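Visitor: Sequence:
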Amino acid sequence: MMTPQEVSQHAFAKANFGGYNMAMVDEFLDQLTEDYTALYKENALLKSKMKVLVEKVEEYRSTEEGMRKALLAAQRTADEIVREAEEKRAQLIGTAEGEARAKIDALRQELENEQLRLSAAKEATAAYVAKLKDLYQHEMDYLNGLSQLTAPAPSQTEQTARDIQSSMEKIVEEETGELPQVEDELPEEEPEQDVQEDGGLYAELLGMDRKDKEEQPEPRREHRSDRNDRRARRHDEDEEDEDDSPTRRIDFSNLKFGKDYEIK
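Residue numbers for the sequence shown, in this note's numbering: 89 to 352.
Source of the hints: derived by calculation from the structure; they are not laboratory data.
Model, not experiment: these values are computed from the prediction.
Possibly wrong hints are sitting among the right ones.
[As the list claims (entries may be wrong)] Distance windows between CB atoms, simulated:
| no. | residue 1 | residue 2 | range |
| --- | --- | --- | --- |
| 1 | 117 | 138 | 28 to 34 angstroms |
| 2 | 157 | 137 | 26 to 32 angstroms |
| 3 | 162 | 194 | 25 to 31 angstroms |
| 4 | 193 | 157 | 41 to 47 angstroms |
| 5 | 159 | 137 | 53 to 59 angstroms |
[Unchecked claim] With a cut-off of at most 20 angstroms between alpha-carbon atoms, the simulated DMTMM-like pairs for lysine to aspartate or glutamate come out as follows:
| no. | residue 1 | residue 2 |
| --- | --- | --- |
| 6 | 157 | 167 |
| 7 | 135 | 147 |
| 8 | 210 | 222 |
| 9 | 191 | 202 |
| 10 | 129 | 94 |
| 11 | 139 | 123 |
| 12 | 221 | 211 |
| 13 | 176 | 187 |
| 14 | 137 | 147 |
We put the beta carbon where it would ideally sit given N, CA and C, even for glycine.
Whole structure, please, built from the sequences with the hints as guidance.
Guide: Dropping the structure here:
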């Protein structure tokens, strides 16, 4: 492509005949040179701009590739995170469900055990209550029988009772050589072993049973007392047969012995 300078410096050979007007040719060349110069500069400017644009496009293309790779990497990372989250969620749900089922089974088993223990306690309590009722009825019948067999105590004055008691003790000492003690004849009670049962109600019932047994009268004590009363009554009857009058006391303070002996 010719430059504007080459166009302006181009020379034509002179013609001998029929040539162009030189003034018109020069004027046309000047105008052409001016227009061509403007087009040439514009073309150069456009080429430079195109070069810059091409560089930008290449830069954008490289950036686009990097962005595309980054986008793909981010997409893969997001997919992996979602997958791991789903796996962890499923694992946590499975663990929680397993623990919940285990706790429910344990609670059900414990409930069944407590129900069995409650049923056993109710049965044992009912049996023990029935046993206590039978024992109570038996003891009441026994006490009623004792009350019918025991004779009423004779009504005596305090002094007569002391005299009878003293005479009875002397008679017993003469016959046996020792005063029988009811407490010595009774066997020593063995200490009851503490019965430990599951549940406070059963232990309380056992305590009530022991208390009832402690409050029950001793048959042998009643028997010894009846025998003593019979002896006292016999002794009293003997004294009444000998003398119906009250006992006369003798004062020995005025007795004298020896030469001063004198009965006043």
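Visitor: If a hint holds in the structure, say so; if it doesn't, say that too.
Guide: Evaluation of the provided hints:
About 30 angstroms separates the C-beta atoms of residue 117 and residue 138, a value consistent with the hinted range of 28 to 34 angstroms. With their beta carbons about 30 angstroms apart, residue 157 and residue 137 fall inside the hinted range of 26 to 32 angstroms. Checked against the hint of 25 to 31 angstroms, the C-beta distance between residue 162 and residue 194 comes to roughly 47 angstroms, which is inconsistent with it. In this structure the hint that residue 193 and residue 157 lie 41 to 47 angstroms apart at CB is violated, the actual value being about 54 angstroms.
About 31 angstroms separates the C-beta atoms of residue 159 and residue 137, a value inconsistent with the hinted range of 53 to 59 angstroms. Distance hint between residue 157 and residue 167 is fulfilled; the C-alpha atoms sit about 15 angstroms from each other, no more than 20 angstroms. The straight-line distance between the Cα atoms of residue 135 and residue 147 is roughly 18 angstroms, inside the 20 angstroms bound, and the hint therefore holds. A C-alpha spacing of about 18 angstroms is found between residue 210 and residue 222, which places the hinted pair at or below 20 angstroms, so the restraint holds.
For the suggested pair residue 191 and residue 202, the alpha carbons sit about 16 angstroms apart, so the restraint of at most 20 angstroms is met. At most 20 angstroms may separate the alpha-carbon atoms for a hinted pair to count; residue 129 and residue 94 meet this at roughly 15 angstroms. This hinted pair does not check out: residue 139 and residue 123 have alpha carbons roughly 24 angstroms apart, beyond 20 angstroms. Proximity of residue 221 to residue 211 is assessed by CA-CA distance (about 15 angstroms); at most 20 angstroms being required, the pair is judged to hold.
In summary, the hint linking residue 176 to residue 187 is supported, as the alpha carbons are separated by about 16 angstroms, within the 20 angstroms threshold. Taken as a hint, the residue 137 and residue 147 pair is honoured in the structure, with Cα atoms around 15 angstroms apart against an allowance of 20 angstroms.
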